[in-house]
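Colleague: The chain contents come next:
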Amino acid sequence: MITVLLFAQLQEVVGKERIQVDASELTVTELKEKLKSKYNIPQVDQVMTAINEEYALPDDLITSGDIVALIPPVSGG
Amino acid sequence: MFKSMFEIVDEPIQVEEIIKKVTRREAGAITTFLGTVREWTNGRKTIYLEYQAYKPMAIKMLAQIGKEIKEQWENTEVAITHRVGRLDISEIAVAIAISSPHRKAAYEANEYAIERIKQIVPIWKKEHWEDGETWIGDQLEKVNYPSGEPPIIKEGN
Numbered sequence: 001m002i003t004v005l006l007f008a009q010l011q012e013v014v015g016k017e018r019i020q021v022d023a024s025e026l027t028v029t030e031l032k033e034k035l036k037s038k039y040n041i042p043q044v045d046q047v048m049t050a051i052n053e054e055y056a057l058p059d060d061l062i063t064s065g066d067i068v069a070l071i072p073p074v075s076g077g
Numbered sequence: 078m079f080k081s082m083f084e085i086v087d088e089p090i091q092v093e094e095i096i097k098k099v100t101r102r103e104a105g106a107i108t109t110f111l112g113t114v115r116e117w118t119n120g121r122k123t124i125y126l127e128y129q130a131y132k133p134m135a136i137k138m139l140a141q142i143g144k145e146i147k148e149q150w151e152n153t154e155v156a157i158t159h160r161v162g163r164l165d166i167s168e169i170a171v172a173i174a175i176s177s178p179h180r181k182a183a184y185e186a187n188e189y190a191i192e193r194i195k196q197i198v199p200i201w202k203k204e205h206w207e208d209g210e211t212w213i214g215d216q217l218e219k220v221n222y223p224s225g226e227p228p229i230i231k232e233g234n
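Residue numbers (my numbering), protein chains in the order written: chain A, 1 to 77; chain B, 78 to 234.
Do not rely on the hints blindly, as some may be mistaken.
Covered, in the sense of this in silico footprint (three residues per stretch, anywhere, with C-beta under 8 Å from a C-beta of chain B), are these stretches of chain A [what the hints assert, rightly or not]: (1) 2-10; (2) 36-42.
Derived contacts from chain B toward chain A, CB cut-off under 10 Å, selection only [said to hold, decoys possible]: (3) Tyr128; (4) Gln129; (5) Tyr131; (6) Lys203; (7) Gly209; (8) Thr211.
Below, in silico cross-link-like pairs of lysine to aspartate or glutamate (DMTMM-like), each with a Cα-Cα straight-line distance of 25 Å or less [said to hold, decoys possible]: (9) B/Lys195 x A/Glu17; (10) B/Lys144 x A/Glu53; (11) B/Lys195 x A/Asp45; (12) A/Lys16 x A/Glu53; (13) A/Lys16 x B/Asp87; (14) B/Lys195 x B/Asp165; (15) B/Lys195 x B/Asp87; (16) B/Lys203 x A/Asp66; (17) A/Lys16 x B/Glu127; (18) B/Lys80 x B/Glu204; (19) B/Lys203 x B/Glu192; (20) B/Lys122 x B/Glu204; (21) B/Lys144 x A/Glu54; (22) B/Lys147 x B/Glu103; (23) B/Lys137 x A/Asp22; (24) B/Lys195 x A/Glu53; (25) B/Lys122 x B/Asp165; (26) A/Lys16 x A/Asp45; (27) B/Lys203 x A/Glu54; (28) B/Lys137 x B/Glu210; (29) B/Lys203 x A/Asp59; (30) A/Lys34 x A/Asp59; (31) A/Lys16 x B/Glu192; (32) B/Lys132 x B/Glu103; (33) B/Lys137 x A/Asp66; (34) B/Lys147 x A/Glu53; (35) A/Lys36 x A/Asp60; (36) B/Lys132 x A/Glu12; (37) B/Lys181 x B/Asp87; (38) B/Lys137 x B/Asp87; (39) B/Lys122 x A/Glu33; (40) B/Lys80 x A/Glu54.
No wet-lab data here; the hints were simulated from the structure. These figures come from a predicted structure and were not determined experimentally. The beta-carbon is built from N, C-alpha and C at its ideal position, and this holds for glycine as well.
Take these sequences, add in the hints, and give me the full structure.
Modeller: Written out as structure tokens, the structure is:
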């Protein structure tokens, strides 16, 4: 099971703060494809991804138990 | 007395406390930057702002910025606090304090810090306008993450 955290507009579009994805191992790109087909996440390709609080590359592997965050363009400051 | 140099808080920011964190005998300069809530943006009136953070990662990224500054400007001390939740006009959203032996480094590093916050720290701002609300992203009118590459280079890669 992989936990996906949502923030800002993504949280509002999906209507949840987190999604559980039933998978044991997949890449960041594969996860995004999966989310795209199941949830209507806007511009998921432009969203940054973090695995366990570190920014990740598209080919990085996510394994069961990991916490993934989808990070839309940030606007702090 | 040890206080964390990088914090995300829900309460109003106490600027004096952040300045104290970087005050030391070797310093001849302390620069502070305060980001405050603006009422008017391109003719549109803001009533209040709401900030959300991915807290544990945001703290890590603030610490990362501190590390980058220390690598680039010798003998600097950095403290950054960002507030989340509802903020009214003129309230402080972010405070950055940097000390250094001479002023140039403290000025330069402070500007670097706010630019990096806008690039890598997972914090989002929602504008509550007079006539609606919007999550703000992409403030610089360019795609933040066009290639799918992370905005910081991982060590060891």
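Colleague: Now, for every hint given, state plainly whether the structure supports it.
Modeller: Against the structure, the hints:
Counting residues of the region 2-10 of chain A whose CB lies closer than 8 Å to any CB of chain B gives 4, which reaches the minimum of 3, so the coverage claim holds. Under a criterion of three residues with beta carbons nearer than 8 Å to beta carbons of chain B, the stated coverage of the region 36-42 of chain A fails, only 0 such residues being counted. Proximity of B/Tyr128 to chain A holds as hinted, the smallest CB-CB distance being about 7 Å (cut-off 10 Å). Of the supplied interface hints, the one on B/Gln129 holds, with its beta-carbon coming within about 6 Å of a beta-carbon of chain A, less than 10 Å.
Residue-level restraint check for B/Tyr131 holds (minimum Cβ-Cβ distance to chain A is 6 Å; threshold 10 Å). Annotation: B/Lys203 was flagged as interfacial toward chain A, and the flag holds, the nearest CB pair being 7 Å apart, inside 10 Å. Interface restraint check for B/Gly209: the shortest CB-CB distance to chain A comes to about 14 Å, outside 10 Å, so the restraint is violated. Hint on B/Thr211 holds. Least Cβ distance to chain A is approximately 9 Å, under the 10 Å limit.
Between B/Lys195 and A/Glu17 the CA atoms are separated by roughly 23 Å; this keeps the pair inside 25 Å, and the hint holds. Taken as a hint, the B/Lys144 and A/Glu53 pair is honoured in the structure, with Cα atoms around 17 Å apart against an allowance of 25 Å. A distance of roughly 20 Å separates the Cα atoms of B/Lys195 and A/Asp45; the hinted pair therefore holds under the 25 Å criterion. Restraint check for A/Lys16 and A/Glu53: satisfied, since their Cα atoms lie roughly 19 Å apart, inside the 25 Å limit.
Of the supplied pair hints, the one linking A/Lys16 and B/Asp87 holds, its CA atoms being roughly 22 Å apart against a limit of 25 Å. Between B/Lys195 and B/Asp165 the alpha-carbon distance is near 20 Å, which keeps this suggested pair within the 25 Å criterion. Note on B/Lys195 and B/Asp87: the hinted pairing holds, with a Cα-Cα distance of about 19 Å set against a maximum of 25 Å. Pair hint B/Lys203 plus A/Asp66 does not hold up; C-alpha atoms about 28 Å apart against a cutoff of 25 Å.
Straight-line distance between C-alpha atoms of A/Lys16 and B/Glu127 comes to about 18 Å, which keeps the hinted pair within the 25 Å bound. Distance restraint check for B/Lys80 and B/Glu204: the Cα-Cα separation of roughly 31 Å exceeds the 25 Å cut-off, and the hinted pair is therefore not satisfied. Between B/Lys203 and B/Glu192 the alpha-carbon distance is near 19 Å, which keeps this suggested pair within the 25 Å criterion. Simply put, B/Lys122 and B/Glu204 have alpha-carbon atoms about 10 Å apart, close enough for the 25 Å limit, and the pair holds.
A threshold of 25 Å between alpha carbons decides the hint, and for B/Lys144 with A/Glu54 the separation of about 16 Å falls inside it, so the pair holds. For the given pair, B/Lys147 sits about 15 Å from B/Glu103 by alpha-carbon distance, which is consistent with the 25 Å threshold. A threshold of 25 Å between alpha carbons decides the hint, and for B/Lys137 with A/Asp22 the separation of about 28 Å lies outside it, so the pair is violated. Distance check on the hinted pair: B/Lys195 and A/Glu53 sit about 17 Å apart at the alpha-carbon level, within 25 Å; holds.
For the given pair, B/Lys122 sits about 12 Å from B/Asp165 by alpha-carbon distance, which is consistent with the 25 Å threshold. As the CA atoms of A/Lys16 and A/Asp45 are separated by approximately 19 Å, the hinted pair is consistent with the 25 Å bound. For the given pair, B/Lys203 sits about 24 Å from A/Glu54 by alpha-carbon distance, which is consistent with the 25 Å threshold. With a CA separation close to 29 Å, the supplied pair B/Lys137 and B/Glu210 exceeds the 25 Å bound.
Taken as a hint, the B/Lys203 and A/Asp59 pair is broken in the structure, with Cα atoms around 31 Å apart against an allowance of 25 Å. Proximity of A/Lys34 to A/Asp59 is assessed by CA-CA distance (about 15 Å); at most 25 Å being required, the pair is judged to hold. As the CA atoms of A/Lys16 and B/Glu192 are separated by approximately 30 Å, the hinted pair breaks the 25 Å bound. In summary, the hint linking B/Lys132 to B/Glu103 is not supported, as the alpha carbons are separated by about 32 Å, beyond the 25 Å threshold.
Pair hint B/Lys137 plus A/Asp66 holds up; C-alpha atoms about 17 Å apart against a cutoff of 25 Å. For the hint linking B/Lys147 to A/Glu53, the alpha-carbon distance of about 22 Å falls within 25 Å, and the restraint holds. This hinted pair checks out: A/Lys36 and A/Asp60 have alpha carbons roughly 18 Å apart, not beyond 25 Å. Proposed proximity of B/Lys132 and A/Glu12 is supported: the alpha carbons are some 18 Å apart, at most 25 Å.
Distance check on the hinted pair: B/Lys181 and B/Asp87 sit about 32 Å apart at the alpha-carbon level, beyond 25 Å; violated. Note on B/Lys137 and B/Asp87: the hinted pairing holds, with a Cα-Cα distance of about 17 Å set against a maximum of 25 Å. Of the pairs offered as hints, the one joining B/Lys122 and A/Glu33 is violated, with about 38 Å between alpha carbons and a cut-off of 25 Å exceeded. Taking the CA atoms of B/Lys80 and A/Glu54, the gap is near 24 Å; set against the 25 Å cutoff, the hint holds.
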